[in-house]
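Student: Mind the numbering: the sequence shown is residues 1 to 299 in the UniProt record's numbering, read in order.
The set of hints was computed from the structure by calculation and includes no laboratory data.
Mixed in with the good hints there might be a few duds.
Stated by the list, open to error - Derived pair list, reagent style BS3-like, types lysine-lysine, alpha-carbon separation capped at 27 Å:
(1) K272 / K127
(2) K214 / K102
(3) K265 / K127
(4) K214 / K272
(5) K109 / K127
(6) K127 / K102
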Amino acid sequence: MRSTVGQPRVTWRATRSASRVARRSEGPRGRRTGGFGPRTPSGPPLEVFCRADSVDEGEAVLELPHEVEERYMKLLRRQEGRARELTQKHKHKKRTTHKVMKVSSGYLKGSPLVSPSDKDVRPMMGKVRSAVFSMLLSRIGGSSEFPSHCRWLDLFAGTGSVGIEALSRGCGVCHFVELNQWTANEVLMRNIESLGVQDACAVHVESVFDFLTKFSYKSEAMGGPFDFVSVCPPYNDMDFDDLVRGLEDSRVISSRSFLIFEYPKEVSESLKPSLGSLTQLVNRTYGRTTVAIYGPSDL
Numbered sequence: 001m002r003s004t005v006g007q008p009r010v011t012w013r014a015t016r017s018a019s020r021v022a023r024r025s026e027g028p029r030g031r032r033t034g035g036f037g038p039r040t041p042s043g044p045p046l047e048v049f050c051r052a053d054s055v056d057e058g059e060a061v062l063e064l065p066h067e068v069e070e071r072y073m074k075l076l077r078r079q080e081g082r083a084r085e086l087t088q089k090h091k092h093k094k095r096t097t098h099k100v101m102k103v104s105s106g107y108l109k110g111s112p113l114v115s116p117s118d119k120d121v122r123p124m125m126g127k128v129r130s131a132v133f134s135m136l137l138s139r140i141g142g143s144s145e146f147p148s149h150c151r152w153l154d155l156f157a158g159t160g161s162v163g164i165e166a167l168s169r170g171c172g173v174c175h176f177v178e179l180n181q182w183t184a185n186e187v188l189m190r191n192i193e194s195l196g197v198q199d200a201c202a203v204h205v206e207s208v209f210d211f212l213t214k215f216s217y218k219s220e221a222m223g224g225p226f227d228f229v230s231v232c233p234p235y236n237d238m239d240f241d242d243l244v245r246g247l248e249d250s251r252v253i254s255s256r257s258f259l260i261f262e263y264p265k266e267v268s269e270s271l272k273p274s275l276g277s278l279t280q281l282v283n284r285t286y287g288r289t290t291v292a293i294y295g296p297s298d299l
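When you get a sec, could you build the whole thing from the sequences and use the hints?
Tutor: Listed below in structure tokens is the structure:
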């Protein structure tokens, strides 16, 4: 990953980085017209945002301010170093996938999801995922699905199981952020394509800290704060204090958002009763895993 520290701008472009994305785009693609009915062939292809080292003709350029807040600069320096180490670690490692999970509810219920056969990606457990979505839906009125206008952000997406579950339960749009190129191509996008939800998805192949920094200065152009943000970071090689500060300083959440944070109970001191303008509503432990849900203080 190329460092952005000290550079005046960062360039991003939408690509179809996997060959099967291009193949799929030649045929019909569907989207739901409402409820749980069939899909109609329309909608744009899966959007994949990758880092570009040069600017091609006609390519959109994202301008960042020359003076980036020192707090973000420090976060970027620390986290980009860790990201480079992790990327190098997997560079020459042969990896395979297998089907280990299913969507637990919604119109995609029972659909299989692939996951890496190694231990480098740790998806949220199915029972935890089901419990989290039940708690969220009860908080917003007890409906069986989310309103279609809801936007979801899946950070450290991995398999995409959390964001895909949100789409299955009614969310209209989901953005996935995943640093590892192999995981993004061979796992995340494969799951999205196999379920036919490309028109509702955008995949950002970059570090979470890069995404948070970019979003803080371009939030309006990217649709504003998200209604729901899920954070399922790797338990190893992660500074949870830095991550919490990055989320608090970012504009991905507003005072009416919900944030789902999965973390190992060993770092519980990093999670406070409030995160930015949000209040901790739930904090439950499932084995070694703990899930905290933050939301509006009046709920």
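Student: Now tell me, hint by hint, if it's right for this structure.
Tutor: Hints and how they fare:
This hinted pair checks out: K272 and K127 have alpha carbons roughly 25 Å apart, not beyond 27 Å. Using a Cα cut-off of 27 Å, the hinted pair K214 and K102 is violated, with the two alpha carbons roughly 33 Å apart. For the hint linking K265 to K127, the alpha-carbon distance of about 17 Å falls within 27 Å, and the restraint holds. Our distance criterion of 27 Å between C-alpha atoms is met by K214 and K272, whose separation comes to about 25 Å.
Distance check on the hinted pair: K109 and K127 sit about 14 Å apart at the alpha-carbon level, within 27 Å; holds. Under the criterion of a C-alpha separation no larger than 27 Å, the hint pairing K127 with K102 is consistent with the structure, at around 11 Å.
In this structure, only the earlier hint numbered 2 is contradicted, and the remaining ones agree with it.
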